[in-house]
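Trainee: When you get a sec, could you build the whole thing from the sequences and use the hints?
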Amino acid sequence: MSTAMNKAELLPAEPKLVQNFSWKKILKRPEAGALGGAILVFALFFVVAPPLRQVDALTTVFYESATIGIPAVAVSMLMIGGEFDLSAGVAVTTSSLAASMFTLTLGGNLWFGILFALFLSLGIGWLNGFLFVRTGLHSFLVTLSTFLMLQGLNLALTKLITGGVATGDISTLPGYASAHAVFASTLKFDGMSLSVAILYWIFFVLLATWVLLRTDLGNWIFAIGGQGDSARAVGVPVRKVKILLFMIVGFSAWFLGMHMLLMYDTVQSGGGVGNELLYIAASVVGGCLMTGGYGSAVGAALGALIFGMSTEGVIYADWDPDWFLFFVGATLLAATVVNTWIRVRASKGK
Amino acid sequence: MSDQSAPIIQLSNVCKSYGNIDVLRGVSLSVRRGEVTCVLGDNGAGKSTLISIIAGLVRHDKGIYAVDGEAVEFGSPRDALNRGISAVYQTLALVPLLPIWRNFFLGSEIKKGFGPFQRLDVKTMKEQTQENLLRMGIRVPDLDRPIGTLSGGQRQVVAIARAIHFGARVLILDEPTAALGVTQSGLVLKYIVAAAREQGTGVIFITHNPHHAYMVGDHFVVLARGEVETDAPRADLSLEDLMFHMAGGAGLDALKHELQRKMPAGEAVAGSSAA
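Here the protein sequences come in this chain order: A and B.
Everything in the first sequence is counted per this note's numbering, starting at 2 for the first residue and increasing by one.
Everything in the second sequence is counted per this note's numbering, starting at 36 for the first residue and increasing by one.
Heads up, a few of these hints could be off.
[What the hints assert, rightly or not] Here chain A is said to cover these stretches of chain B; the calculated rule only asks that three of the stretch's residues, wherever they fall, bring their Cβ under 8 Å from a Cβ of chain A: (1) 95-106; (2) 112-124; (3) 130-136; (4) 141-151.
[To be verified] In silico DSSO-like links for lysine-lysine, alpha-carbon gap of 30 Å or less: (5) B:Lys-147 - A:Lys-241; (6) B:Lys-146 - A:Lys-241; (7) B:Lys-158 - A:Lys-241; (8) B:Lys-161 - B:Lys-146; (9) B:Lys-147 - B:Lys-161; (10) B:Lys-147 - B:Lys-158; (11) B:Lys-146 - B:Lys-158; (12) A:Lys-241 - B:Lys-291.
The hints are simulated quantities; they were obtained by calculation from the structure and are not laboratory data.
Everything numeric in this text was worked out from a predicted model, so none of it was measured.
Every residue, glycine too, gets a C-beta built ideally from N, C-alpha and C.
Mentor: The following block contains the structure:
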């Protein structure tokens, strides 16, 4: 090796290699804004809503957050991969309805219905992905279409099969007890009761974080969202990964759908509308870029936690629950402004 | 200094047409180990079609494309990569928001562990990235920085180093200095020379800057309207010759005479009489 290339005379001298801890490094993480936001919202309701200071209230907050957070984990992965899914909200209801009506109509064990709903949800995810890569349309349009179609199917098929807007009670079906234990049980720790959904949520967040940061698939998800053409040029199977991401959202919709079904035993066919925007908002508050290639699952979890705290905080503070949406909007705006500012600084290497 | 053995890539009389338009009309070209072959030409001269054929993006219609003396027909860029032929495009190289080390190994990640627990070997990848960066004179304190924070020249160099690290014997560089300033171009040019001389890589350097080409080139091919206008080793060509051929060669002389007839003073074209 000649000396010419070893000398770095064209470059400014750079400081020594990374130190292990620095505030700058933490502030540069995608979830930094959401963490700050979560602390602020918690502090606010800690002051104005005294009941929120109790453990019971906190577990309720976590439960509320989990019902937003489980799909939001998948949606954040999809957004990092550069795409939207507007059908995720109603897809949860579709899954619940499918499992419920399948078993109630055909009879047999509830688990068959649950399995049927799993295939259906993965199928919807696959269809979203397939239509997206095949038509080349923006995922916003593709999933807006499937969202409206699913909403129509939910209402129409429920009316056709049950004659009403809700499904019958599933609590007497065989397999109910075990399914309830898996999807909707409540764990008791000396006086404190904790929905199993919270544990699943934490597990999914950890799993998604591991996949995103420590596997080649995660590397590819960031790459296809950041610059799909570059990823394709170095051999990343862009289309397959996109379809897989839509199917992961489908899976999360199924999982939450099963939890909801076994929590309430019946399903309202019109439910779920609007929640897709909450999942997207949680992801964006958590640092996901609308354009893809940047974000984190932990951030989306913090975003969901902010919304969970807002929902319950508004109730515990004895305010009108309608204030919740105002909070969601205000948080979304504040978080995106802060995140953008942080990212601009980060991309300049500060 | 360069190895004058058998060429790695040899194109003989390669033709390509799209419909009625002949884009390449009998182009011959060879790339040897450790040699920088510069391909120059005006817009529409057929440079990008030529790269696309060599990189496996499109197939040629007539003529022979041989790698290591064996005629080939590539169906995709992957086929070309498997023969050690790698193209680095100006815009298609990297994902700006992705950390430096992740970019370096994108699509060829090093993994450890088994089955569902298979995971990225972050430590090894970071070490190898750091090694490669230092070898080309790029010092970064934090490999987790998005690669978009590197300068344009540094990014181009990282993309080239990556291609070499993953076994490129022939590098096709598509206008690597076109969007760069003087200092940044210098960085890339130095690395092109280093890649050829020290690693023995065959380089096809596509550019329309004769100054850049002459600084690093061993062999020059000037394309004009799909044909080889000039094909000469460095020894047979001065920078002035190269600029003359680049500017249009014999055609330019005719144009000059025509313009001089119309403008007796001739001042307007005085500067173009470089040849």
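Trainee: With reference to the structure, classify each hint as holding or not holding.
Mentor: Hints, verified against the model:
no., hint, in the structure
1, 95-106, "violated (count 0)"
2, 112-124, "holds (count 4)"
3, 130-136, "holds (count 4)"
4, 141-151, "holds (count 5)"
5, B:Lys-147 - A:Lys-241, "23 Å, holds"
6, B:Lys-146 - A:Lys-241, "20 Å, holds"
7, B:Lys-158 - A:Lys-241, "28 Å, holds"
8, B:Lys-161 - B:Lys-146, "13 Å, holds"
9, B:Lys-147 - B:Lys-161, "14 Å, holds"
10, B:Lys-147 - B:Lys-158, "11 Å, holds"
11, B:Lys-146 - B:Lys-158, "10 Å, holds"
12, A:Lys-241 - B:Lys-291, "57 Å, violated"
Figure legend: structure checked against the earlier numbered hints; hints not met, in rising order: 1 and 12.
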